[in-house]
Amino acid sequence: MKKFLTSVFVVAISTPLWSQVDSTLFRRVNKDTSKLLLNMDAVYNRPFLSVGKTPVALGGYVEANWQHLGTDGLTEGHQFQMKRLTLFVASSISRRIKFLSEIEFEGGTKEINIEFASIDFEFHPLLNFRGGVVMNPIGAFNQNHDGPKWEFIDRPTSATQMLPATWSNVGFGIYGKKYRKNWAYAYELYLTNGFDDQIISNAQNKTYLPATKLNRDRFEESFNGEPLITAKIALRNKKVGELGVSYMGGVYNKFQMDGFTLDKKRRVDVWALDFNTVLSFSKTYLVGEWAFVNVDVPDTYTQQYGNRQSGGFLDVVQPVIKKDIFGFQKSVVNVVCRFEYVDWNVGKFKETDGNMSEDFVSVVPGISWRPTPLTVLRLNYRYNWTTDILGNPPSKTAGFQFGFSSYF
Amino acid sequence: MKKICPILLISIVSLFCMLSCETFEPVAVDDSALLDGPVADLSAAEHIQFLKGDASFNNQVFSSSNGLGPLFVSTSCGSCHLGDGKGHPFTTLTRFGQTNETGNQFLKLGGPQLQHRSIPGFTPEQIPAGATFSKFMPPANTGLGFLDAVSDSDILLFADPDDLNGDGISGVPNWVELKAYVMPRDGSVAQNGKYIGRFGKKAATYNLLQQTAQAYNQDIGITSTFEPTDTYSGVEIDPEISNQEIQDVVFYLKTLKAPIPRQADSDVLSGKQLFLNVGCGGCHRPEMKTASTTIQSLSNKVFYPYTDLLLHDMGSGLDDGYTEGSAKTSEWRTPPLWGLGLSKNSQGGEYFLLHDGRAKSIEEAISLHGGEGTKSKESFELLSTEERRKLISFLESL
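Residue numbers (our numbering), protein chains in the order written: chain A, 1 to 408; chain B, 409 to 806.
It is worth saying that the hints were derived from the structure and are not from the lab.
No residue lacks a Cβ here, since even glycine has one placed at the ideal position from N, Cα and C.
Heads up, some of the hints might be wrong.
[To be verified] In silico PhoX-like cross-links for lysine-lysine, where the CA-CA straight-line distance does not exceed 20 Å:
id : chain 1 : residue 1 : chain 2 : residue 2
1  : A       : Lys350    : B       : Lys543
2  : B       : Lys768    : A       : Lys348
3  : A       : Lys348    : B       : Lys752
4  : B       : Lys768    : B       : Lys543
5  : B       : Lys543    : B       : Lys736
6  : A       : Lys283    : A       : Lys322
7  : A       : Lys35     : A       : Lys178
8  : B       : Lys768    : A       : Lys350
9  : A       : Lys177    : A       : Lys238
10 : A       : Lys149    : A       : Lys283
11 : A       : Lys110    : A       : Lys213
12 : A       : Lys177    : A       : Lys98
13 : B       : Lys697    : B       : Lys709
14 : A       : Lys149    : A       : Lys330
15 : B       : Lys752    : A       : Lys396
[Unchecked claim] Residues from chain B that face chain A, not an exhaustive set, calculated with beta carbons under 7 Å:
id : residue
16 : Cys429
17 : Glu433
18 : Pro434
19 : Val435
20 : Ala436
21 : Val469
22 : Ser471
23 : Leu490
24 : His496
25 : Pro497
26 : Phe498
27 : Arg525
28 : Ser526
29 : Pro532
30 : Asn753
31 : Ser754
Take the sequences, apply the hints, and build the full model.
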């Protein structure tokens with residue numbers, strides 16, 4: 001109790017003290033740009049602020065927007081949304097031991113998630129240990145998802161709804177990198193808690209990996225005692241770009257309870273391919289990701305829950321203006337377009353041998369303005385086509401979105 | 409000035425987008441091309457209940473966490489009636505175990521409905537040895553409130569059990585026993601304690617409350633105070649859905665609009681005359697009227713469903729050896745033809761017609777008519793190609 005009261009006192013008096021700190025003492029932590037950076041570096045490749053010579057650095061980003069979307073002639077009108085507020089805290093415990101945490105508030109306070117909270121030990125550039133709440137390196141978006149890095153207000157559907165970005169779990173693993181001339185090679189391998197049977201039993205009425213995120217116990221216990229394996233290899237060439245191949249798989253169902261066998265072990269397996277590059281002749285930035293999901297759904301269940309899914313996105317970002325605007329030096333205006341596709345249910349109906357549809361297609365052209373590299377204002381026009389499982393005429397959604405995202 | 413231009417331009421574009429945003433959004437599909445949507449002139453309170461029922465019917469998905477199964481056919485109402493239209497072989501259900509009016513002999517073995525799917529860990533039902541069965545394609549939901557509001561006396565006016573008019577058509581009602589929770593309508597006609605059923609392939613369901621409560625129970629495995637028996641264990645369990653939610657869905661089904669006929673050109677009008685000339689209208693009666701009901705929008709209305717709500721012998725080709733209520737195995741209720749032309753929009757771009765979806769076109773459906781429909785089928789086949797095209801155009805305009 002004494003310790004607790006002391007802690008409360010220290011926190012209480014430190015808050016006003018910090019508020020009186022001269023802001024000039026805050027300094028930006030310079031990013032290490034001497035080496036080729038990969039998607040796996042994204043969690044530490046963020047702008048942090050540190051105070052004086054303290055070993056703790058703080059950061060975060062905020063995203064908000066307005067939108068007016070209509071679906072088949074119906075609209076909910078003007079919507080102002082506080083998409084997310086994310087806070088990072090990083091600290092160097094020693095030269096080769098560091099800690100980073102990321103806490104995200106989504107939709108106001110509708111969702112509060114620990115997205116990342118892990119300690120990294122560097123034994124050798126090719127052998128680092130990471131443990132805690134880690135972001136499973138499936139695809140690229142899951143690790144590199146900060147709003148200010150993207151030119152679009154919405155996150156890619158394939159990355160956030162087919163793959164469950166942001167997807168983090170308790171576990172540990174190893175990673176390493178090697179640099180050779182213009183090349184960087186990297187690997188990651190983690191064992192974490194995994195999915196549960198909500199992926200085929202949920203309110204979405206389709207196989208839906210993010211449904212597992214509703215399980216509030218997943219940060220303290222595994223649903224079935226089986227680890228989820230996530231592995232990724234990536235390579236980057238200074239002139240060409242980055243290519244990553246990743247895999248995530250494990251048992252998702254509760255196959256036994258109190259020693260009784262309930263079912264066979266049923267697996268979910270995900271493969272993803274990601275890339276990014278800048279076309280040298282036009283400075284066009286391309287980034288994309290494609291993933292395949294395989295789920296062992298019982299034959300006696302309903303085909304409403306598909307055993308195969310695939311989908312991905314491609315972003316095209318073309319800088320068109322790079323100059324001082326309103327005193328913002330070297331600010332950049334981009335013309336952008338995103339293409340998205342998800343087939344939620346790959347396969348054929350048992351009854352007719354006809355194709356199961358349940359597709360999502362989206363095209364999102366837009367304009368973005370980056371007054372600084374850390375801040376982006378975005379104007380998007382979204383057009384979606386959503387087809388039901390039978391392939392009936394699609395429901396169409398479209399409209400404008402305007403918003404900003406900025407590190408702070 | 410040069411520096412300001414791009415941003416000024418973006419600002420103007422943004423402002424323009426904000427002010428005129430609806431111009432760039434998808435327009436509503438014409439009402440006549442949709443089966444869903446409410447009847448005209450509902451009050452604000454009725455609209456609210458309609459929307460609640462709509463949400464329950466189309467958006468609520470059942471999973472193991474909120475009562476699905478453990479044995480089931482589908483996971484939501486909307487899964488079987490996408491866009492409130494007809495179903496697909498994927499959503500077809502199977503009934504088994506009754507061969508005559510003495511009742512279902514397989515109730516203790518899972519009858520009358522087969523739950524052919526199950527949540528993980530459970531084994532779905534199989535059709536018991538010796539049981540005959542029939543597959544039922546989910547029907548469209550449109551205009552059900554109008555059919556519900558027709559008086560028994562009007563239905564009986566269409567009946568001609570002894571074919572006194574000699575047209576070869578002898579429609580009869582399906583006399584069914586009422587479930588304890590089903591209250592007869594005002595002015596209902598009873599016969600030996602049984603009442604006239606009017607919903608379902610065999611017209612074995614009395615009203616939309618019974619239809620809804622049974623569908624939740626038999627199709628999704630959801631118990632209610634109306635249908636409290638769990639289809640897996642056979643014992644009564646706590647309700648898994650509230651009475652209010654069921655009543656909201658009943659109200660939604662009652663107040664779905666009647667399909668709006670389309671494309672009334674000369675071909676369609678000629679086709680309608682041919683339809684009547686070949687005798688289709690003997691069973692698929694064009695016009696009905698509602699009695700007074702508590703929902704003003706449905707009261708005393710003339711409507712055009714192309715059914716008589718009666719049972720007709722459709723011949724051995726459509727006799728699956730299964731029945732319900734007092735219907736014979738070869739007897740089927742005349743399905744309403746309204747909305748027929750929009751069926752493809754809910755069946756994945758194809759037709760799956762007749763009670764089990766075996767007909768892949770309107771022509772095939774006509775050619776499979778037997779029994780009381782034989783005469784009309786033969787008359788249709790004697791029409792010229794052009795005349796048949798016009799008749800089909802008429803049916804597709806409904």
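Taking the hints in turn, this is what the structure says about them:
no.	hint	verdict
1	A:Lys350 / B:Lys543	holds, 16 Å
2	B:Lys768 / A:Lys348	holds, 18 Å
3	A:Lys348 / B:Lys752	holds, 18 Å
4	B:Lys768 / B:Lys543	holds, 15 Å
5	B:Lys543 / B:Lys736	holds, 16 Å
6	A:Lys283 / A:Lys322	holds, 12 Å
7	A:Lys35 / A:Lys178	holds, 10 Å
8	B:Lys768 / A:Lys350	holds, 17 Å
9	A:Lys177 / A:Lys238	holds, 15 Å
10	A:Lys149 / A:Lys283	holds, 17 Å
11	A:Lys110 / A:Lys213	holds, 13 Å
12	A:Lys177 / A:Lys98	holds, 17 Å
13	B:Lys697 / B:Lys709	holds, 5 Å
14	A:Lys149 / A:Lys330	holds, 17 Å
15	B:Lys752 / A:Lys396	holds, 18 Å
16	Cys429	holds, 4 Å
17	Glu433	holds, 3 Å
18	Pro434	holds, 4 Å
19	Val435	holds, 5 Å
20	Ala436	holds, 2 Å
21	Val469	holds, 4 Å
22	Ser471	holds, 4 Å
23	Leu490	holds, 6 Å
24	His496	holds, 5 Å
25	Pro497	holds, 4 Å
26	Phe498	holds, 5 Å
27	Arg525	holds, 5 Å
28	Ser526	holds, 5 Å
29	Pro532	holds, 5 Å
30	Asn753	holds, 6 Å
31	Ser754	holds, 6 Å
The structure shown violates none of the earlier numbered hints.
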